[in-house]
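If you read the sequences in order, they're chains R and G. Mapped onto our numbering, the consecutive letters of the first sequence carry residue numbers 8 to 686. Mapped onto our numbering, the consecutive letters of the second sequence carry residue numbers 7 to 591.
Keep in mind that the hints were calculated from the coordinates and are not lab data. Since this is a predicted model, take the numbers as computed values, not measurements. Some hints here could point you the wrong way.
[Claimed, not checked] Now the stretches of chain G that chain R is said to cover, found in silico as 3 or more residues with beta-carbon under 8 Å:
(1) 205–218
(2) 285–294
(3) 333–341
Even glycine gets a Cβ: it sits at the ideal position worked out from N, Cα and C.
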Amino acid sequence: METKKCYMYAPPEHESRPSKRQRTSESDPHAGLSERLKIYSKTWAEQEKNIQRTLEEADRATQGKIIDFVAANAPSEDAPRISIPTGLIVAGPSIASHGPYFERLGRRIRDETNSSYVVLTSGESPNLKTLLKILIKKVTSRIEEDDDDEDEIGRFATSSRRGPKLLNFDLGHIQEWTSRNMVQSIVVAIQDSEAFDTAVLIEMVDLFYSWLDRLPFVLLFGIATSSESFEERLLGKSLRYLDGQQFDVTQSDDIIEKLFRATVAHPDTEPHIGPNLCRRILERQKDHVQNIQDFVHGLKYAYMSHFYANPTTIFLKNDPKFKDFSSDAFEAIRNLPSFRRYVEEKLEVGDTRSVRQLLCSDNFLFEVIKELIVTVQDALSSLSIAAIVLTRIRESLGITPKVRLSNVWSRAASGELLDSPLLRETMLSIKKTPSDRLARLIDSLIGLTTEDVGRHAKEIDIPIDLEQLQRELKTLIEGNASSEPLRSQDDVRNESVRTTVVAQKVLLSKHKAALSEQDKAYSGIVARFCQQLESYFRFALIDTRTLFLYEVLVYDLKSPHTEVFQPRPRLAIERALATPHDYLGCECCGNMQDAENTLAGTQPATAIVYQLYLESGAIINATDLWSAFHAIVGKDDEDDQSQTMALFQRALAELKFLGLIRPSRKKADHIAKMLWKGL
Amino acid sequence: MASAKRKRDDQDAEDTTPRKLRTQPVEDENDSLSELEAQTPSRRGRGLLAENGTPRSILKKSGLANELNATPKSNRRLTFTTPTKAAGDETPNGTPTIVRNADRSARRKSNRQLIDRTINGEDSEDEVLGEEDALAQQILSEEEDGQTEKRDKEADAQEAIPVPDTPSKRPRGRPKGTGKNQLAAKARKEREPSPPTELPAQEQYFWQNRPGGNKTSNNTLTSQTLLNHDEYFDTMKSCVDRHEPEKEFLLELHSRAYDQWIFELEEGFNICLYGYGSKRAITSNFTAHVYQHLLDQAPYKGTKRTPNIVVVNGYTPNLTLKDVLTTIASATIPKGLKLPNQISSLLAYILDTLARDPPPHPLLVVINSIDSANLRKSLVQSTLAALAAHPSINIFCTADTPNFPLLWDVGLKAQFQFLFHDATTFAPYSVEIDPVEIVNELLGRSGRRIGGRDGIGFVLKSLPLNARALFRIIVTEQIKAAYMDDEDQDDEDVTATSQSKKKKNAPRTPSESSQGVEYRRLFHKARDEFVCTSEVAFRTLLKEFHDHQMIESKKDSMGTERLLVPFRTEELQMLLEELLLENAF
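Work out the full structure, taking the sequences as your base and the hints as a guide.
Okay, structure coming up:
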C-alpha cells in the first residue's frame, strides 16, 4: 500500500479495534460532546446567517450599480455600439476575497439581468487561444468531449449545421449559442486583471471589439491596484475600444469592521469571543491575510474549540432543565477559577451556608447557574452596547483620531476602557459641544441599533432619558433668536485669555465670558447629559473577566487558535532536532543543559547530526561529520561500524530530505548548509 | 612554524617604524640583529628567562614604571647607547662590510630563505620542508626565541623612552602584532574556529559565514565506509531503536486527536499535519479510524456498502496529477462513464459531478507528503486547492519540509482552508526516502546506483561494439581531464604565491565544476575514431548510457553541456583497465 501512488482505502482483512474500545470503557472525555456540538451548530448557524447577511449588504450598493450598468448597456437595434462597455471593479488588494466576490456578483447578474456571465482567471488563460477556448466552453456550457491538444487544428470540434465547421476557439460558437439562447449581453469578468499578460488582454480587447457587431460583450475587470495603473498597461488603441466606468468595492477592512459588529461585538452573541483572541484575529487580518473568509473561519474555529473542549458550555443550552446535565458537568463548573472566586467572595461575607450548598448540592448549583448565566450575559451585552455607544458618540462629534469599534470593543472587554484617556477625551468634547451638534448626537443615539442597517437591527436601549433631554434641548433651541448655536460654559469660545503686563511680567488669565440665560440653561442640559452618560459608562464598562461563569460565556484562549492558523513548522522541526527531549520526554537524553555535554549518544541519530551541523560552518566535510558522529554514537568495543554508518546515512539523508543540506562542489565529500536555526 | 611567524611579525614591526628603511627590510633586520648578537652574547639566555618567568604584561608595566634606569638589562641600554647604529642602518648605500660578510654566512642564507618563504606564503608551513629548510630550521630554532625576545624588548624599550626628538607619526604603543601575547592569541584563534557559544541566531549566521572562517579538512570517505543498499537494509533490520516507547507514546498522543480532526473535517476545514518524522503511521491509522467512523453512520450502517477514502502517496516517484484525479474520479463518478482526457477538463468534470450530485458525506482525500518534489508544481497545487475548496471534498494531508507554507499564496491558502497541527513523530522516513541513494547523490557518488563497475560491465556487454568504444573514450577523456586538473593544481602548489589558503583554492573550484568531458569535444573525438559518423548516431549511443544511468549530463557555468561518468578517478582507472582488457579479446 505504501508504495502505491494512489488508491482507495480498504481496511486490512483481520478486524481488530482494541484501542477504541479501551478508551470508551474509561471515563469518557467526550461525555456530553454530542449535546454540546448540537448547541454549537445551532449557535454557529445563527452567526453564519448574520455574516452572510452582512456580507451581502456590504456588497449590495456596488453590485446594484454594476447590475444597472450591465442592464443599461444592453444593445438596442437603433444604436449600434461603438465601444465595449467596460466596468472597472476596484476590488482592493485582498485578492483572496476577489473570487467569492465575483461569484456573488455573477449570481446576481444572472438572476437580475438576462445575461450570461463568465469569470476568467489568469491561471486558465495563458494565451489568447486558451482564453477563447475556456470562454467558449464556459459560455456555451459545453462539456468538452475527449480532445487532445495535438490534433485539434485539423479536427473540427463541433458539428455546426450550416457552413464550414468551426475550430474550437472560434467565437462563432458563441454567436451560434446566442442566436439560440437570446441573451441580452455576455458579461466577461476578468477576475485578476493584473495577473494577465498585457498582450493577451490587448488581443482580447481587439478581438472582442471586432465581434461587437455580432456579440453583445460587456467586460468587467477586477482590479487590485487602481484604475489608472490598469489603463496605463493598455494601448491607446485598445482604450479607444473600451467605454469604462469605475466601481469601488467596499474594502475588506471596512467589511471586517461590519462583520465584527455583527458577530463579536453584537450584544446578543453567545458565546462571546474574548479580547485577547479578538485582538489576535484582527491583527492577523491587518498584517497578514486581509481576507474576509479567513476572519470568518477564525471565528468559526473559536466557536468550535469552545464547544468541543469545554464541558461547561453545555450550560449554554436553551431552556435548561436540571435533568439535562450530568454530575460531571457540575463538577466541571466547580473547577472553574471563576467559581473559586465566587465562593471565596461568599466566604468573605460569611455566607458559609450557601457555599456548602454550592459545593454539595448539584441542584442548588444549577439554580444559581441558571440565574447567574442570564445576569452575566446581560453584563456582557451592556458592555458591547457601551462600546457601540462610545464609538457612535465619537463618530457623531467627529473626534479625531478615528477609533474603530473593534478597537474600542476589545479595550472595553479587557476592562481598560473605563479610566482610559479615550473615554475622558470623549466626555470633554461632549461638554464643549454646541447645541446643534449635541442635538444631532442625541438624535443618533436614540436611533442607535445593534447593526448598521437591515431588518435585523434591533434598537439599543440606553438607560438615559434621552427623549427628555431631546425635548428640553428642542425648546431651548427654538427659543434661541440668534443664528449662532448655543454654547456651554466649557466651550472655548466662552473663554478669553487676557494678557496683562505687571511689573514687566506677562500674566495670562482666563476669563469666562458672561453667559446668557439660554447658554446657562444649555450648559445645564449638557452637564446633566454628561453626568448620566458617565454613570452609564461606569455601570456598563466593568471588567467582565472576573465574573462567575465567564469561562462558559467567553472563549478567550490563544492556544489552539494560533498554532492552527499560523503554524511555525520550521520552528517545530528545528526544535525537535535540536532538543529532542522536548518531544520525546525520555530519561536518557533528559535535561542536561547545565552540563556542557548536551550531545548525548542516546539521542536520535538525526538529532545528533543536526546538532553537529548547527555548530559547523557554511560547508561541512562529511567525513569529519561522520567521525564526530561516530565518536558520539559508536561503541568502542565494536569493530563493525556498519550499524553506526547506517544510522549516519539515514540521518544525512533525512537532513537532505528536509532541505537542510545540499551537495557542495567546492570540495570533495562536502555538503553545504542551507538553513540557519532561528533565522 | 611558530618561528616563521615570528619572523614575519618582526618584519611588521620593522615596517611600522618610519625610521627604518623599507627597501631592504630583511637585511636591515638582520643587521640590527647581528649587532645585538655581537655585542651581548649572553643575552639570549636571560631573555628566555625573563620570558619564562614573567608574563609579558607585567614586564611591560614595570618597564613603563621604571622608565629609564630601573632595569639595568644590557639589551635595553644597548639600544639607548647605539643610536648611531640605527642611524647607520638608515643609509642604504652605507652598508658596512661586516654586514655583507655576515650576509654570506650560511645562517643568514637560511634565515633569508625562511623569511622569503614566510613572506611568500604562510601556507608553505603546511608543505613538507625540504632538507635544506629543515637544516635551516634546525640552525635557527635555538636562536629564534631569543631573537624575537630581543626584538620585542627593543620595541618595549622604544615605547618606554620618551622620544621628544622624533616627530614620529607612529602612534604610541606597541606596533600591532609584535607582542607575543597577541601572536599567541592569533595562533589560538586560528587553531580553534569553534564559535563562541550562545550567539544570537543572526550573529551565528555571520560568524559561520565569515570570510576565510570556514576551513574544513581535506579528508574524504573511503568508498568502503558507505553502505550499499543490501548492507544498509541488513543493518537496519537488526537496529533497535531505544526510543521506541517514546515514539509509541507520541503516536498515541496524536491518536487522541482523531475525533477532533474528524469534527474539524466535518465542519469544512481541511487538515495539514507538519513536524519532524514520518507521519505515515498517523495518516494510515487516521484513515482506518475515519473508515470505521463512517461505517457506523447513516448510509453504511447495517448495509454492505463501504465508504470511499482516497489515499495519495505524494512521495512516490512518477506520481502525476492525472493519477490523483483519476483515483478521485473513480471514487466520485459512477463507473462506466468515459472520463475526459485533459487534466483541466477532468477536474472540471469531477467538481461538476460533485456539485450536481453531492455524496452523502464529503470524500476524504488523504495525501501523504503534499510538499514532495513531484507535487510542488504550481499547477498541481492549484488543482489540489480547487479540489479542497469544494465542499464535498475533504483533504487530510501531511507536509515534511520546514518551509512548506511557501507553496501556497494567499489565494491558494484561502482555497485550502487548512488547519495545521503539529504531528511530530520522530519516525524514520523509511518509505519516503532512500537514504543510500540520497547520500550517494549528496556526496557525488551516484555511480554506485547501477551497481558499480560490475553493473557497467554487464550493460556494456549487451551493447554493440561502437557503444563500448564510445564509453571507453568518455572514460579515457575523463581520466585525462582529472589528471590535467591535478597537474594544474600541483603547479599551483609549487609556484604558490598567494598567501591564504582560500586564494589557493580559488582556481581549483572551476576545474571541479568543469569535471567531465565537453559534449562537442567528445563528439569530435568519437567521429575521429570512427565510432559514429553523425550527431544523431552519437546521441543514440549516449541515450543508451543515459538510460542505464551510466553517464550524467551537466551544464557548467558557461552553459556548455558536459558528460560525466559518475565515478571517482581511482574507480575510473580500474574501469578503463577492464574495458581495455575486454577489447583485447
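Tested hints:
no., hint, verdict
1, 205–218, "holds (count 7)"
2, 285–294, "holds (count 4)"
3, 333–341, "holds (count 3)"
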